[in-house]
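S.K.: Listed below, chain by chain, are the residues.
Protein chains: 2
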Amino acid sequence: GAPSGEEGGAALMVKEGVMDNPKIDAIFGIHINAQTEIGKIKYKSGSFMAAADWFTIKVKGKQTHGSQPWLGVDPIAVASQIITGLQMIVSRQSELTKAPVVITVGKINGGVRENIIPEEMTMAGTIRTLDDQMQKDVHERIKTTAQKIAESMGATAEVSIETKTLVTYNTPELVKQMLPSLEKAIGKENVYETEWTTGAEDFSYYRLKAPAFFFNVGGMPRGKNVKDAAPHHTPDFYIDDSRLDVGIKAFCNIVFDYQPTAKTARISNDKIPMEILSEQVSVENYFPAQFFDVPFQPFGFESAFAF
Amino acid sequence: GAPSGEEGGAALMVKEGVMDNPKIDAIFGIHINAQTEIGKIKYKSGSFMAAADWFTIKVKGKQTHGSQPWLGVDPIAVASQIITGLQMIVSRQSELTKAPVVITVGKINGGVRENIIPEEMTMAGTIRTLDDQMQKDVHERIKTTAQKIAESMGATAEVSIETKTLVTYNTPELVKQMLPSLEKAIGKENVYETEWTTGAEDFSYYRLKAPAFFFNVGGMPRGKNVKDAAPHHTPDFYIDDSRLDVGIKAFCNIVFDYQPTAKTARISNDKIPMEILSEQVSVENYFPAQFFDVPFQPFGFESAFAF
Chain A
107 GAPSGEEGGA ALMVKEGVMD NPKIDAIFGI HINAQTEIGK IKYKSGSFMA AADWFTIKVK
167 GKQTHGSQPW LGVDPIAVAS QIITGLQMIV SRQSELTKAP VVITVGKING GVRENIIPEE
227 MTMAGTIRTL DDQMQKDVHE RIKTTAQKIA ESMGATAEVS IETKTLVTYN TPELVKQMLP
287 SLEKAIGKEN VYETEWTTGA EDFSYYRLKA PAFFFNVGGM PRGKNVKDAA PHHTPDFYID
347 DSRLDVGIKA FCNIVFDYQP TAKTARISND KIPMEILSEQ VSVENYFPAQ FFDVPFQPFG
407 FESAFAF
Chain B
107 GAPSGEEGGA ALMVKEGVMD NPKIDAIFGI HINAQTEIGK IKYKSGSFMA AADWFTIKVK
167 GKQTHGSQPW LGVDPIAVAS QIITGLQMIV SRQSELTKAP VVITVGKING GVRENIIPEE
227 MTMAGTIRTL DDQMQKDVHE RIKTTAQKIA ESMGATAEVS IETKTLVTYN TPELVKQMLP
287 SLEKAIGKEN VYETEWTTGA EDFSYYRLKA PAFFFNVGGM PRGKNVKDAA PHHTPDFYID
347 DSRLDVGIKA FCNIVFDYQP TAKTARISND KIPMEILSEQ VSVENYFPAQ FFDVPFQPFG
407 FESAFAF
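Which chain is which? The protein sequence lines are A and B, in order. Quick note on the working numbering: the first sequence kicks off at 107 and runs consecutively. Quick note on the working numbering: the second sequence kicks off at 107 and runs consecutively.
Mixed in with the good hints, there may be bad ones.
[Claimed, not checked] Calculated Cβ distances over 12 Å to all of chain A for the following chain B residues:
(1) K129
(2) Y149
(3) W160
(4) Q199
(5) G212
(6) T262
(7) Q283
(8) E299
(9) K315
(10) I354
(11) V361
[As the list claims (entries may be wrong)] Here are some chain B residues pointing at chain A (derived, C-beta under 7 Å):
(12) S173
(13) Q174
(14) G178
(15) R219
(16) I360
Since the hints were derived computationally from the structure, they do not count as laboratory data. Given the structure is predicted, the values throughout are model-derived calculations rather than measurements. Don't be surprised by glycine CBs; every beta carbon is placed ideally from N, CA and C.
Given the sequences, and given the hints that come with them, work out the whole structure.
M.R.: Shown next as structure tokens:
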């Protein structure tokens, strides 16, 4: 991923044609994981990791003295109702049996002094969805919630949403096809399917162009409780990297086992709802991708930025 | 009033004995007013201007990644419910037929990044009450509201409240006694009683020690609509000072008419509930007040600080 206002990571690489020249038939990704026991491989068919969006909501009221609120419009009081309203998108409006949804306001700022009602205030946060259509739906509901609650008190709300990653979707047919290769690497008993995660991965952009399979290899010391293992991007994050051979073996097996002539996986990718995707990524081949010389290329990117 | 963390204004002067040495029998205050038509005097018997308190609420949650709110406690979501709860102290818990109440959160700050739920957040605001007992009651309800809502989600809330001014209370018997002196100055038809105001005045501290009467003299150009006249402490504030003689005449009449031997007013002051007041002002006579040499002293302070 790239910092706000810049392009980068998988989204830019796809835009620049990395999947098209040469044409990629299927794409695989691996990521070491601090909450997967060392010597094990963790995966999930279908939606695995969340789409991450960042949003900003600017509430505009009307400045006045704090002692006479009726002479203005209080954007902080409006914002408090919007924050509560956003949680009701999750709890009252999202079909949680289909996939989880998370909406977090991570920062909020408004006002300069105890006795002045400010003209405006700003909040910003992140959205996690695990289904393309729910992602699109939540975006609309956030706009409606913020704008209508603001209007109810005579304020206005400007909502902007920036998509950081798509849903990291593992094409079920490709997962089914390649699972034996992973099991060969570490033993069938050490490869297990997991729940979805609300973490995000810009590997998700590659599946715009080809069937994809992204999985985790264990880096948590054996016997440690998963709940006690600090997640990635936290101060206590710890990786035991003594079994990197598991990932190497898994990827070698994939390379040798994958049949580029098998069309099953490529066709199945068409089942992913593509509406959002086509809006977000315009596939312009600005620069010819000259750095691939084989039609199949295993990837193992670690994003430099946390979503 | 004094800046936060410093003492000053009427509260400090009372503390230093200005009302005691010499003993003040009654105290009068006048303030030019941008929303009172020039050539008129505006007053209110009983509670006239509000008590102003400033409060700070610090909500402590538990930091976590924005994608996994269940691993932490979200202080911003808690704060949004507290802000809504504070408004319900006004609309659901205050006896508004007795006197108005205003609670304003004027500034709010928390978090640094879209995808991190912060450890804590802070909000600050002001309280306006026009009855000593309601002031005390609202303080308790703010603490209860913030703490219990925080506890409901596993967070904690620290509430601190700083009293800036008391209710500016005009002793009814003193008002009744001295009204003819004001009417002599400008004509009976130009002296009128008004509603209470949520503005605040540290003149309020003098009534801890003697019957008091604080009133406004007009500074708004004749014929201008009150609603169009910008209040004090706003950028468009405008005073027409061409009739300062009204105030001078009113005060001269008070000085010549007031009978210091009349005990009615002093006795009536005892009817003000003094519970809060005695908590807030310890009347220690640190320094002998040497700057008064008559038992009656008309005051006309303009506070240098806006509450």
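S.K.: Taking the hints in turn, state whether each one holds.
M.R.: Verification of the supplied hints:
| no. | hint | in the structure |
| --- | --- | --- |
| 1 | K129 | holds (34 Å) |
| 2 | Y149 | holds (19 Å) |
| 3 | W160 | violated (4 Å) |
| 4 | Q199 | holds (17 Å) |
| 5 | G212 | violated (5 Å) |
| 6 | T262 | holds (18 Å) |
| 7 | Q283 | holds (30 Å) |
| 8 | E299 | holds (20 Å) |
| 9 | K315 | holds (26 Å) |
| 10 | I354 | holds (29 Å) |
| 11 | V361 | holds (32 Å) |
| 12 | S173 | holds (4 Å) |
| 13 | Q174 | holds (6 Å) |
| 14 | G178 | violated (10 Å) |
| 15 | R219 | holds (6 Å) |
| 16 | I360 | violated (28 Å) |
Violated hints for the displayed structure, listed by number in ascending order: 3, 5, 14, 16.
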